[in-house]
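Enquirer: First to last, the sequence lines map onto chains U and Y.
Per the UniProt record's numbering, residue 1 is the first one in the first sequence, and the count goes up by one each step.
Per the UniProt record's numbering, residue 1 is the first one in the second sequence, and the count goes up by one each step.
Hint data in this document are derived by calculation from the structure and do not stem from the laboratory.
Treat the hints with care, since some could be wrong.
Copies of the same chain are indistinguishable here, so a pair counts whether it falls within one copy or spans any two.
Unchecked claim - With a cut-off of at most 25 Å between alpha-carbon atoms, the simulated SDA-like pairs for lysine to any residue come out as follows:
1) K227 - V255
2) K156 - M83
3) K286 - F370
4) K160 - I292
5) K128 - Y87
6) K160 - I411
Next come the chains, spelled out residue by residue.
Number of protein chains: 2
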Amino acid sequence: MPDYNKKLDDEFKTILIDAIQRNDIDAFREEFLEVHPYDQARFYVSQEQDVRQQISSYLSPSEMAELFHNLDSEDQESTLEEMEPAYVADMLAQMYADDAVDVLNELEKDQVVSYLTIMDDEAAQEIKDLLHYEEKTAGSIMTTEFVAILANHTIKNAMKILKSEAPDAETIYYIYVVDDEERLVGVISLRDLIIADDDKLISEVMNDRVVSVSVSEDQEHVARMMKDYDFLAVPVLDFQRHLLGIITVDDILDVMEEEASEDYSKLAGVPNFESQDHSAFSAARKRLPWLIILLFLGMFTASLIGRFEEILSQVSILAVFIPLIAGMAGNTGTQALAVAVRGIAIGDGDRKSKMQMLRKEIGTGLIIGFVCGILVMIVVDLWKHNIVLGMLVGVAIFTTLTISTMSGALIPLLMHKLKIDPAVASGPFITTLNDIISVLIYFGLATLLMNYLV
Amino acid sequence: MPDYNKKLDDEFKTILIDAIQRNDIDAFREEFLEVHPYDQARFYVSQEQDVRQQISSYLSPSEMAELFHNLDSEDQESTLEEMEPAYVADMLAQMYADDAVDVLNELEKDQVVSYLTIMDDEAAQEIKDLLHYEEKTAGSIMTTEFVAILANHTIKNAMKILKSEAPDAETIYYIYVVDDEERLVGVISLRDLIIADDDKLISEVMNDRVVSVSVSEDQEHVARMMKDYDFLAVPVLDFQRHLLGIITVDDILDVMEEEASEDYSKLAGVPNFESQDHSAFSAARKRLPWLIILLFLGMFTASLIGRFEEILSQVSILAVFIPLIAGMAGNTGTQALAVAVRGIAIGDGDRKSKMQMLRKEIGTGLIIGFVCGILVMIVVDLWKHNIVLGMLVGVAIFTTLTISTMSGALIPLLMHKLKIDPAVASGPFITTLNDIISVLIYFGLATLLMNYLV
Numbered sequence: 001m002p003d004y005n006k007k008l009d010d011e012f013k014t015i016l017i018d019a020i021q022r023n024d025i026d027a028f029r030e031e032f033l034e035v036h037p038y039d040q041a042r043f044y045v046s047q048e049q050d051v052r053q054q055i056s057s058y059l060s061p062s063e064m065a066e067l068f069h070n071l072d073s074e075d076q077e078s079t080l081e082e083m084e085p086a087y088v089a090d091m092l093a094q095m096y097a098d099d100a101v102d103v104l105n106e107l108e109k110d111q112v113v114s115y116l117t118i119m120d121d122e123a124a125q126e127i128k129d130l131l132h133y134e135e136k137t138a139g140s141i142m143t144t145e146f147v148a149i150l151a152n153h154t155i156k157n158a159m160k161i162l163k164s165e166a167p168d169a170e171t172i173y174y175i176y177v178v179d180d181e182e183r184l185v186g187v188i189s190l191r192d193l194i195i196a197d198d199d200k201l202i203s204e205v206m207n208d209r210v211v212s213v214s215v216s217e218d219q220e221h222v223a224r225m226m227k228d229y230d231f232l233a234v235p236v237l238d239f240q241r242h243l244l245g246i247i248t249v250d251d252i253l254d255v256m257e258e259e260a261s262e263d264y265s266k267l268a269g270v271p272n273f274e275s276q277d278h279s280a281f282s283a284a285r286k287r288l289p290w291l292i293i294l295l296f297l298g299m300f301t302a303s304l305i306g307r308f309e310e311i312l313s314q315v316s317i318l319a320v321f322i323p324l325i326a327g328m329a330g331n332t333g334t335q336a337l338a339v340a341v342r343g344i345a346i347g348d349g350d351r352k353s354k355m356q357m358l359r360k361e362i363g364t365g366l367i368i369g370f371v372c373g374i375l376v377m378i379v380v381d382l383w384k385h386n387i388v389l390g391m392l393v394g395v396a397i398f399t400t401l402t403i404s405t406m407s408g409a410l411i412p413l414l415m416h417k418l419k420i421d422p423a424v425a426s427g428p429f430i431t432t433l434n435d436i437i438s439v440l441i442y443f444g445l446a447t448l449l450m451n452y453l454v
Numbered sequence: 001m002p003d004y005n006k007k008l009d010d011e012f013k014t015i016l017i018d019a020i021q022r023n024d025i026d027a028f029r030e031e032f033l034e035v036h037p038y039d040q041a042r043f044y045v046s047q048e049q050d051v052r053q054q055i056s057s058y059l060s061p062s063e064m065a066e067l068f069h070n071l072d073s074e075d076q077e078s079t080l081e082e083m084e085p086a087y088v089a090d091m092l093a094q095m096y097a098d099d100a101v102d103v104l105n106e107l108e109k110d111q112v113v114s115y116l117t118i119m120d121d122e123a124a125q126e127i128k129d130l131l132h133y134e135e136k137t138a139g140s141i142m143t144t145e146f147v148a149i150l151a152n153h154t155i156k157n158a159m160k161i162l163k164s165e166a167p168d169a170e171t172i173y174y175i176y177v178v179d180d181e182e183r184l185v186g187v188i189s190l191r192d193l194i195i196a197d198d199d200k201l202i203s204e205v206m207n208d209r210v211v212s213v214s215v216s217e218d219q220e221h222v223a224r225m226m227k228d229y230d231f232l233a234v235p236v237l238d239f240q241r242h243l244l245g246i247i248t249v250d251d252i253l254d255v256m257e258e259e260a261s262e263d264y265s266k267l268a269g270v271p272n273f274e275s276q277d278h279s280a281f282s283a284a285r286k287r288l289p290w291l292i293i294l295l296f297l298g299m300f301t302a303s304l305i306g307r308f309e310e311i312l313s314q315v316s317i318l319a320v321f322i323p324l325i326a327g328m329a330g331n332t333g334t335q336a337l338a339v340a341v342r343g344i345a346i347g348d349g350d351r352k353s354k355m356q357m358l359r360k361e362i363g364t365g366l367i368i369g370f371v372c373g374i375l376v377m378i379v380v381d382l383w384k385h386n387i388v389l390g391m392l393v394g395v396a397i398f399t400t401l402t403i404s405t406m407s408g409a410l411i412p413l414l415m416h417k418l419k420i421d422p423a424v425a426s427g428p429f430i431t432t433l434n435d436i437i438s439v440l441i442y443f444g445l446a447t448l449l450m451n452y453l454v
């Protein structure tokens, strides 16, 4: 974890380590609970197992819960192994339900069941309810700890309710207004609540045009929406508009990082970003499957070229331009792919704009192909004093770049339309596909021009 | 812009268009001001210029400011052209200073000066102060509209101050505590303020270990920090710890999107993501410079292969494996690049872990190279019944993948260390570099084994 405030940190560490060595619980707690749980977590992970266990014995399950939430998922796992199951169950019950669910989603099923069995019933039920929702939907990232009131309360009354619920709610900066059947009818921000007259009714000051998301909504969509609307939290509803939970902006920051990381890794052909402490062996094991698939696709390309060995042995100069043509096809294809994937993420579900996008990419491919083709033709002619060769390479570049730009854009668009996750449309896959196309075009043209080349 | 709530939307549109046609200002305002400014903006951009001008005439500069903030930068630009300069100046003055600065940063310098000249002095000064800060630093994204109080106030008093400042402040959910010289000494959240006893002093309940950022801090670092700490806002200080401004989480969502987009486009070799309404011509113009550089690098690779034409004409089968070797080098290099760039973003400034990262990548490269090398050797031998050729291609793959993995990781790490923006370390650049390396290795080895190949 990065260091944000190094100087403060060293002083803090010295005091804490001293307190731990003297086993002075009060001194430790006084210093430790002063800082942000994220800093507590950083200190915690920097210690050896025995010290970590000592620290957790100094803290109540609810104090430990806050620290625990700030650990990496790997550190969370090892910490759980060091703790008594009863303590873990208590601690999970003290976390916000959505955060507890995040932790449990990383564990084996029987482990989850055993923790939930010893947990107090109310907390266990809340967590079980959330565990139902499909991963990456609004339901899976929402929390059930929100403040909801009826519309006929006065402002003064609402403030009282708020004060009493504040310690448990994940955010108190929006208060949701529901009817008798828990259907969402309005929202009021704490800001508006504070400014309003004490005696007014909630129904008079609330906003009744609430922007909400459905529980099955994709998390990426929720993130985009919160970014567009500058919300700190958004309510999650079922199909009858019952208020099920809320999603807070801190979770959205995590979603955005996760989604960006995913898009990025797809483009690079890395299945998952290994955390830094992973070994070279496990990193290789993650990357190899992809590479081996690409290797066999590459062998396929090789076998295609093999069919043109006859021509190659007669006009060996042809081989010289293979990497240039394949490489340029890969580059333009990746550019188009990136633009299309990004466009899908932003244009989300707008069909007309997808056709526009495709038409634009075809145009772009034609222009790029034309410019690069002419350039290559001139350079090759100047270099090899062979206009036929120049034209061959030039036309190959023109055709290849046009097609690879088009396919780079078309494939993710098609996948999105067929509702297939465009995971296979990763950068290296498109690149290898374009290798194959470019080789076929190049040698196809060479075969046609054979008589003029020899 | 995506549609979040289609049904609500259509009804809303019908009422508004009707009101505009009847020129019924009251009916329009009653409906329009009910919805979120983001929805107002969506309606606004969907209309023709004359209707847009009618709408802005119905709204006060401060109402228009909220709508305007939710427009794309392109729509902002065209909207500004349609408005009277005096109205624009008023509107900018009504925006949060950081948002106004974002708008002005997109304009020509003389335009900025002309708006600032007719703006009221206080607002103009605030904006001018912010315009000083370098782009992408904390200073450039902070706002100066925060709530600050002295530590010797009571809670009750603080609430009063808060109520009076609430309408202007960008967030009231953190109250910053300063000394007589405006140095930051503590912070208290509105949540804690609400729970605390009325008669207590701020100094008793505030948190005096405030996590803050320096005004020159990189915006990416600020984003990571807010994500780690789950903050809704973070204070920005100068080197004497004077409180200059705050950065709110809604701006951080924008920063995260911007930075993710940037990393992504670098990997793909696209300088900037064109917005959808750009023409094919302007898209091509943006991508071509990169492609032309890569084209000449590709010609260089071609000229390298040209030096081996002698061997190629004797052993034409060698050409068959060029795309395989170059392609695999590109793929592994891109993987390593992506992991390194991501690692730098996360490990930020932790030197030891960079050495670890590099050592791990070398190990990963060796393992990947070994596995793929052996595989290729077997396949080539089975296919061509030529063990020397199999060994040649296998060893070339092994060496190439090891080196390209290493260079993929080393180059961005080196650039980061030299504080060069790793923009040139984009995917296609690394790929083309690895093309060159792989061709040299392959033909170098072929030259050595020449006698056994013919």
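Enquirer: Work down the list of hints and note, for each, if the structure agrees.
Expert: Verification of the hints:
When the C-alpha separation of K227 and V255 is checked against a cutoff of 25 Å, the pair qualifies both within a copy, at 12 Å, and between copies, at 10 Å. When the C-alpha separation of K156 and M83 is checked against a cutoff of 25 Å, the pair qualifies neither within a copy, at 44 Å, nor between copies, at 43 Å. Taking the shortest Cα distances, K286 and F370 sit within 25 Å of each other only across copies (15 Å), while inside one copy they are farther apart (40 Å). When the C-alpha separation of K160 and I292 is checked against a cutoff of 25 Å, the pair qualifies neither within a copy, at 63 Å, nor between copies, at 67 Å.
Within a single copy, K128 and Y87 get their C-alpha atoms as close as 19 Å, which meets the 25 Å cut-off; across copies the closest is 55 Å, which misses it. When the C-alpha separation of K160 and I411 is checked against a cutoff of 25 Å, the pair qualifies neither within a copy, at 56 Å, nor between copies, at 59 Å.
The earlier numbered hints that this structure contradicts are 2, 4, 6.
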